Structure formats: C-alpha cells, structure tokens
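S.K.: Residue numbers (the working numbering): 26 to 373.
None of these hints come from the bench; they were simulated from the model.
Be aware that a few hints might be false.
Derived Cβ-Cβ restraints for the label pairs, each shown as a range [stated by the list, open to error]:
| id | residue 1 | residue 2 | range |
| --- | --- | --- | --- |
| 1 | 299 | 69 | 52 to 62 Å |
| 2 | 116 | 90 | 18 to 28 Å |
| 3 | 98 | 340 | 53 to 63 Å |
| 4 | 299 | 257 | 20 to 30 Å |
Model, not experiment: these values are computed from the prediction.
The beta carbon of each residue, even a glycine, is placed where N, CA and C say it ideally should be.
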Amino acid sequence: MTAFLPGVELSRLFYAEAVRPLLGDLPHAAARIGPGSDVLGFDTARSTDHDWGPRLELFVDDDTGELGPMLSESLPKRFRGWSTHFEPPGARVRSMADTDGPVDHYVTITSFPAWCRHTLGFDSSGHLTDLDWLGTPWQRFAELTGGAVFHDPDQELSRVRAKVRWYPPDLWRHVLASQWQRIGEEEAFPARAAEFGDTRGAQVLTARLCREIARLFLLLSHRWPPYSKWLMAALPPEPIVWHLTSALRTDDPAGREDALCTALELLAERQNEVGLAEELPPTRREFFDRGYGVIGAGRFAEALREAITDPLLRARPLTGSIDQVSDNTAILTSPARSRAVITAAGMS
C-alpha cells in the first residue's frame, strides 16, 4: 500500500517533478483547482478510488493539440507510488489503473479563460455582474478559490481567485438576508411538529434548519458553503456547531428548541459584529402567542435588505444565490441552467 498524502500536495509534487521538466519554455500556468475533495481539503484514503491521484490543471493559450499526447508518451507510469494512468478514457469519473502503454493522464489542458467559461459560465477577467455572482453555485467558487496554484507567472489565476474570494458588500447583504429569510420561514416548525406529536417530522425539520444555520454560519464567516457531502465537515469547532449537534441528537423538544435558539443567538451576535446592517437584539423571542422560542430571523433579513445601497438590488425578491433557490444537481452542475434559474427568479 502506498502511503496516503493529501491530493493537493501530491499534485504539487507531480507538477514540479514530472510535468514541469517536460514543458521546456512553454508559457503556462499550473494549479490544482476545480472539482474534487482534495481541492476542499477533505480527501482521505477513501478518496483514492476515483478522481484522485497525480493530476492537475495546466493552462496554456496556444496548445496545438500536441501537448496532451506528448505527456501521454513521456510521463512516468507511476509517481510517488500512484498510477498516472486513469480509466475509462474521457469519462466523467475516472480512476487510477495500471497500463503497459502510454498513460491516459489526468492533466487537464486548456486556457484559463476557457476553463472559467466552462466551469463558471462567464468570463472572469472582466467585471462580474450580479448574475455572475448569484448564478454561480457556492461550490464552484469554493473549487476556484480552494486547492493551490503551482505556477502563475503573469498572476492571472491569482487575480481571478482574489476577485471571487468573496461577495461585494451589497450582494453579501442580499445573500445573507435571503438566508435569514429561509430560516425564518421554518424556525417555528420543529416545535409545532413536536406539539402535534410528530417526532419524526420535528427531527426532519430540525435537520433542515441545521443545514440552513450551517450555511449562514459559513456565509457570515466569509466562506463558500460546500455542497451537502462536505457542508457540516466545513464547520469549525465553535460553540455554534456544538449546539447544532445537540439539536440533532436530542429527542427532547425543549432541549432541541433551546439548542437551535442558542445557535441562532450566536449567529445574530455575529451578524451585528460584521456591521452590514442595523444592530438588532440577538435574543430569542416568542413566536406570536404560541410559546415557541425563535430568533425572529425575518427581522435580520429585513435589516440587511434595508442596508443595501443599490436600489435595484434592494427592490428584488430575497431569492438569493442559486444555492438558495435550488439544490437540484442537474441545475447546480450546469452554469447555463443555474443562470437561467436565477434570471427567472428575478435577477437580470
């Protein structure tokens, strides 16, 4: 068994020791970005069974079609104990395999603008529009800003990565307001389900709220929320997370309500600290006259909306980013569909 090491580090070594010496004076940039648990830092030995291994993104502007075949003929069949050959050829999901012939490598060769258009759906070298920001899934931004850049002589990759590191203030307000609104729409539901005697319903609703609270936590922390497989793993070990864990584990309705409210009170305090809107009391309150404890998430959504300086954005419905409109994989993995949905939801 070859000892596991993080995929981004393997890719860094692969570029420096195996790929770079073959490129001569060819102008290029190299990175490990895009899809993959390694880019997010969540890869383990389990990850080695698919889309993991000696791989990287190689960005060139004038490839004549000869670079890929040259690498196939010249790369070693194994690097640091891992195969550089991947099967099946050209498939969406590929795995390392042995070969006696040229290697079918996992070096993606393209220009960086073309990679951005394919991955994000827009040219990232120019000004980003509201549609560019809101029609791009958080996972795609995480994949572009995560991983590592190994060679970037003209700093094009670094400039774009810095540009999409986080939302401009007004768009941040809009997305945060949309997230608070999502929480406000269901924050009283677990208690109502429990009162009705629907324990399973209360548990499902609690899990839904924990998902939305986790996303809000990351959004308030300047971090792109990853897709569902890695969402909870992305949370830092802070008290908010402990309270979410308590809410998920307990069967006691009062304990569940207290855990959710405490987590939201901590996020309300953080909302006040970031200074994007009017400060509001970060304390729970009764849901109308029903006796359920809630944070009153709608008031934070409204405060953020009122603080948006762009009148057109302030007037738009709180539909937020594509991740807040849909979790359909067929939409989120298609830039064209994502942008079409956001446009239909009120963005232009």
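S.K.: Taking the CB of residue 116 and the CB of residue 90, does the distance hold inside 18 to 28 Å?
M.R.: holds (21 Å)
S.K.: Can the suggested window of 20 to 30 Å be confirmed for the beta-carbon pair residue 299 and residue 257?
M.R.: For residue 257 against residue 299, whose Cβ atoms are near 22 Å apart, the range 20 to 30 Å holds.
S.K.: Given a hint of 53 to 63 Å, does the C-beta separation of residue 98 and residue 340 actually sit inside it?
M.R.: holds (59 Å)
S.K.: Please test the hint of 52 to 62 Å on the beta carbon pair from residue 299 and residue 69.
M.R.: This hint is violated: roughly 33 Å between Cβ atoms.
In terms of the numbered hints stated before, the structure departs from hint 1 and from no other.
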